[in-house]
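Trainee: Okay, here's what each chain looks like letter by letter:
Number of protein chains: 2
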Amino acid sequence: MKQHQNLITVLTAIPVTLAFYLLIAPIFGNPSSAAAQSASIPEAEKPKYTADGELIPFSPDVYREWIWVGEPLTPNDLNPPEANFPEFHDVYINPTAWREWKKSGTFPEGTVIIKELTSVGSKNAVSGNGYFQGEFTGLEHVVKDSKRFPKEARGWGYFTFGHKYPLKKQAPLQQFASCAACHVANAGDDMVFTQYYPVLRAAKGK
Amino acid sequence: MKQHQNLITVLTAIPVTLAFYLLIAPIFGNPSSAAAQSASIPEAEKPKYTADGELIPFSPDVYREWIWVGEPLTPNDLNPPEANFPEFHDVYINPTAWREWKKSGTFPEGTVIIKELTSVGSKNAVSGNGYFQGEFTGLEHVVKDSKRFPKEARGWGYFTFGHKYPLKKQAPLQQFASCAACHVANAGDDMVFTQYYPVLRAAKGK
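Residue numbers (the numbering used here), protein chains in the order written: chain E, 1162 to 1367; chain X, 1162 to 1367.
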């Protein structure tokens, strides 16, 4: 009798599953594939949140050993009196997401992108006139998690721990208008400004 | 008879070895310690040379996954008509040397530092006015190997594969005056410009 019930369950499940993949999945994306990608992110690369959902920043000892993505520079002297993003932006990605980017050219669920900000320390060196890094000044994180973050931000959550030391020890999700809106409108590839990151462009889907 | 000769060899070796460590080693450094450090560098991080001693560059697929050290910028527009080092200098270190730097605050034998050069691609973005990376343009390597490279360069060998694509597939050791002399005179810590690299300063001997 129990075997009979199981058979009915299986036979019912087949058309339901088929209907899901043919009709529903193309609209909302493929959650089982997303879950599989997310599951492959190791514990050390998973973001940690407080009980009320604020993000706890990764340690510099961790993210400074991740994959470096690029470094835009918006110095104060070109953005008087002070740049919105002071001044060097050092950008890193977690290694598991990097491997997926190289493989498929997409950022998987569980992608973490870190933006560390440093000051301009010097404008002249023996190598020439220019901009040379000074001290660490700020920290921001972006996390791709479609279940946790709003659809309007395409599943990416933006967090800032401050642009001046001492940094915050936890931070709430930024409002859509503060960060995500600009990425939606201007970023080259899935909310990431790949147009300024030759390292990402060269590795994509390679 | 053979055993007797071996005994004499061993007994002679003891005072000679002692004399070396007490008198000679403090002057020229400790080669056995250097050899031990060098031995711990894995094959994938070891430089490869042609039969006539020219260095073969590491693949970007390898060094772009090493530890990022920092990124000075000497743009052409501040160094007319053209900067000596065009323009963004992305600097990486091999992971084994990085771990030793964190542990002891020294660069071990077998340290490889890569300088990849990229152009300025844009001077304005939604984040502000500034400098944004364009395309890869050049590549340089520095290798610490006291046995292979001259004492005047403190055991570091400098190699350039060009500042414009296509890059050279192998390169000879640069003359002392071309690179090393300037590092001897100006670099903050053992030929490395740590004064411009907060990532290195923060990790030193930590």
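Treat the hints with care, as some may be off.
Treat identical chains as interchangeable: a pair holds within one or across any two.
[What the hints assert, rightly or not] Straight-line Cα separation of at most 25 angstroms, SDA-like style, residue types lysine to any residue; simulated pairs: (1) Lys-1264 <-> Asn-1285; (2) Lys-1329 <-> Asn-1237; (3) Lys-1329 <-> Asn-1347; (4) Lys-1330 <-> Asn-1290; (5) Lys-1284 <-> Ile-1217; (6) Lys-1308 <-> Glu-1243; (7) Lys-1207 <-> Gln-1335; (8) Lys-1312 <-> Ser-1288; (9) Lys-1312 <-> Ser-1280; (10) Lys-1367 <-> Asp-1222; (11) Lys-1312 <-> Val-1223; (12) Lys-1308 <-> Asn-1240; (13) Lys-1264 <-> Ala-1363; (14) Lys-1263 <-> Pro-1236; (15) Lys-1330 <-> Pro-1241; (16) Lys-1367 <-> Ser-1280.
In case anyone wonders, no lab produced these hints; they're calculated from the structure.
Trainee: At most 25 angstroms between alpha carbons: which applies to Lys-1312 and Ser-1288, within, between, both or neither?
Mentor: between (47 angstroms within a copy, 23 angstroms between copies)
Trainee: Have a look at Lys-1263 and Pro-1236 and pick one of within, between, both or neither, based on CA distance no larger than 25 angstroms.
Mentor: neither (31 angstroms within a copy, 30 angstroms between copies)
Trainee: How would you label the pair Lys-1308, Asn-1240 (within, between, both, or neither) given a Cα cut-off of 25 angstroms?
Mentor: neither (37 angstroms within a copy, 49 angstroms between copies)
Trainee: Treating 25 angstroms as the Cα threshold, decide for Lys-1312 and Val-1223: within, between, both or neither.
Mentor: neither (29 angstroms within a copy, 36 angstroms between copies)
Trainee: Is it within, between, both, or neither for Lys-1329 and Asn-1347, if the alpha carbons may be no more than 25 angstroms apart?
Mentor: neither (28 angstroms within a copy, 36 angstroms between copies)
Trainee: Check Lys-1207 against Gln-1335 for me: Cα-Cα at most 25 angstroms, and say if that holds within a copy, between copies, both or neither.
Mentor: Classified as within: same-chain Cα gap 19 angstroms, cross-chain 45 angstroms, threshold 25 angstroms.
Trainee: For Lys-1330 and Asn-1290, with the copy left unspecified, which applies at a CA distance of at most 25 angstroms: within, between, both, or neither?
Mentor: neither (37 angstroms within a copy, 30 angstroms between copies)
Trainee: If the cutoff is 25 angstroms on CA atoms, where do Lys-1308 and Glu-1243 land: within, between, both or neither? Let me know, please.
Mentor: Answer is neither: 36 angstroms inside a copy and 50 angstroms across each miss the 25 angstroms cutoff.
Trainee: When Cα atoms must be at most 25 angstroms apart, do Lys-1367 and Asp-1222 count as within-copy, between-copy, both, or neither?
Mentor: Between. Shortest inter-copy distance 10 angstroms satisfies the 25 angstroms Cα cut-off; intra-copy 28 angstroms does not.
Trainee: Please work out whether the CA atoms of Lys-1312 and Ser-1280 approach to 25 angstroms or closer within one copy, between two copies, in both situations, or in neither?
Mentor: neither (34 angstroms within a copy, 36 angstroms between copies)
Trainee: Go through the copies and call it for Lys-1329 and Asn-1237: within, between, both or neither, with a Cα cutoff of 25 angstroms.
Mentor: For Lys-1329 and Asn-1237, the Cα distance is within 25 angstroms only inside one copy (23 angstroms; across copies 38 angstroms).
Trainee: First find the shortest C-alpha distance between Lys-1264 and Asn-1285 inside one copy, then the shortest across copies, and answer within, between, both or neither for a cut-off of 25 angstroms.
Mentor: Classified as neither; 40 angstroms inside a copy, 31 angstroms across copies.
The structure shown violates the earlier hints numbered 1, 3, 4, 5, 6, 9, 11, 12, 14 and 15.
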